[in-house]
Amino acid sequence: MTRTNLGMPSFPPFPEAAGEAVRDEVLRANLRRATHTIRDKRARAVTELTDWDRLRAAGKAVKDHTLRHLDHYLLQLEASVTAAGGTVHWAADADEANRIVTGLVLATGEREVVKVKSMATQEIGLNEALEAAGIAAYETDLAELIVQLGHDRPSHILVPAIHRNRDEIRDIFRSEMASWGRPAPEDLGDDPRELAEAARLHLREKFLRAKVAVSGANFMVAETGTMVVLESEGNGRMCLTLPETLISVVGIEKVVPAFRDLEVFLQTLPRSSTAERMNPYTTMWTGTTDGDGPSAFHLVLLDNGRTDTLADETGRQALRCIRCSACLNVCPVYERAGGHAYGSVYPGPIGAILSPQLRGTGSDIDATLPYASTLCGACYEVCPVAIDIPEVLVHLRERVVQGGPATRAGVRVRLRPAHGHTAERAAMRAARLLLDHPGALRTAERLLARARRLRPRRLPGPGRAWTDTRALPDIPAEPFRDWWLRERGNRH
Amino acid sequence: MRVALFVTCVNDALYPRTGIAVVRLLERLGVDVDFPAAQSCCGQPQYNTGYRREAEPLLRRTAEAFAGYDHVVTPSGSCAAMVRAHYPRIARQAAREGRGSGLERLAEEFVPRVYELTEFLVDVLGVTDVGAYFPHTVTYHPSCHGLRTLGLGERPRRLLAAVKGLELVALPGAEECCGFGGTFAVKNPGVSAAMGADKTAAALATGAEVLCGADNSCLAHLDGTLRHAGAPLRTLHLAEILASAEEDPLP
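These protein sequences, in sequence, are chains A and B.
Straight run, no breaks: the first sequence in the numbering used here ends on number 487.
Straight run, no breaks: the second sequence in the numbering used here ends on number 322.
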């Protein structure tokens, strides 16, 4: 069975990667500033709408309905796209999608493509696959450009360069732009307008030259075959309208039944993601039109673990995700760990439930991701399609420690518990036995009280992490139940 | 009205002061409190760590221990949230998997009778001024499960604001998690410690003498962080402040 690729090939377990990130003061300051700014703005943008709760419920309902009848809507979409002059390709995994796109680009005779910011192409590692085939892929989203020029990885869904500050971006532009195209001005400063202008000039060359563009899509409308991309910068629209060939790689869960369903998401997505009432650019296209826009359109429908996820009753709600990243911005764990610690292009709370479902819980990183949360619930509260992320986290924790049924590559399998939880499992069972026998519990509590002066300052084993940064609570002279017995026991 | 105290396992073993405070407070308000000895743990540590099946017998024990009481009061938003949000779910799933006979009915019967302390005071007894006296500056941290799962809202702050002599100061970033998260504190020590450090720094910056909360697990993490750093800030459970009275004030 091939492993689903999510854009980051190998990665250490979450606690290790996050523990390291937490010590990076610059990273923490960058993340704190950015997440706090956007979370406050989002809260204000959402409060403006009196019917937010109903929009949220409607978005959830549309997505759930579509997922329940996904086969039907995908076939309808294929027919609509084909009728409108496009070509539909089906890709079971990242390798197949990359093969299809690479083949399509090579067939045009071109050796470079411009790219619209897209999570699906990040997920499958398309840029690397194209590069291996001798094709240069240029990211045109400002933040993606920063990541690409910096030989870096994205650390946020919406703001892939969130971990970088202005100084760092100026340095990247100065040292790297020249090797990709038009160099940055010699005296480039760190003023946002100056940085944006340097990027604009650098990218303009690419837009005007490119014959092939690659994009994703935020939504696909089954009834009309319409693709929808929402963005803030307008760079996407340049790519979607100027080239001759347009190739869109889109996850199968992005389909919605009808054009009117967009009404809900065009309100909830921008407010949740950029805190804008409406995003500046919404580009829609349906197949091809003579003399207007690309003359060839290919849609690559990507599975890459999605139908396996759909087979799980609790976990499938992750497929409702519209990639707004509100959950990242509000998550106290993401804020401190940074996006790279999550080991996939989907960081934060949504990444913690999506990656272990798309890839399976077999690797160290995927077995630790469901634990990368305090279950504080802030992510669920802000999610515009009401994904109960804490519920799915607990569900996946169970899969990790106790095993259970799952679907991998379309086959129902029974997962064995992940390794390394034997001691924990034994402790949980022992605790349960104790807690389920109050007599034994009372004895244990009394022993604890009697041994209170022997309490160590530092604990061994897994408890050491606690005493490294925290003092242990004092052990009381008697447990509550003994006080009760002594003081009130005779009454009842 | 038959009212039972669900003290919770953490309070029973480590924070008996909180349980004693609840008993004194409720008795002062004229409530006849009982403590069913068959109670132990709600099963949250098991459930949240992924051992759902280990939590099932504890669900049964807890629900059975409180059978026959009109109201079950607990000084823990987290344990109340476990019961209210997850017991029905656990029972349903157990039934689907062919285990836990009668668990669904037990949960259905038990869940509506469980109240977190501030809910019981404000919603059932209808009081916000409980006649407490505590002449100190206090800042309040609303723990996540009470805040989001139970939706306690302003109840705790209203109760605190009515305490004679108490000055309540706002905690910046109050709604952000303290970083405890049960086994999270052990499994992700780096992030947990960083969150605890930020939360205690925010509390210290308020200039308050006391950091108050309604969940001793979160407070254990915060108090441990403060004491490890030698910081001059006391942590107290809300119940202890509400139980403090002019004739017998909490020092």
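The hints are simulated quantities; they were obtained by calculation from the structure and are not laboratory data.
Here the structure is a predicted model, which is why all the values come from computation and not from measurement.
For glycine and all other residues, C-beta sits at the position ideal for the given N, C-alpha and C.
Please note that a few of the clues may not be correct.
Here are the in silico distance ranges between beta carbons for each label pair [as the list claims (entries may be wrong)]:
| no. | chain 1 | residue 1 | chain 2 | residue 2 | range |
| --- | --- | --- | --- | --- | --- |
| 1 | B | 169 | A | 406 | 18 to 26 Å |
| 2 | B | 163 | A | 187 | 50 to 58 Å |
| 3 | B | 246 | A | 101 | 19 to 27 Å |
| 4 | B | 202 | A | 28 | 25 to 33 Å |
| 5 | A | 188 | B | 272 | 29 to 37 Å |
| 6 | B | 277 | A | 123 | 28 to 36 Å |
*Those earlier numbered hints the structure runs against, lowest number first*: 3, 4, 6
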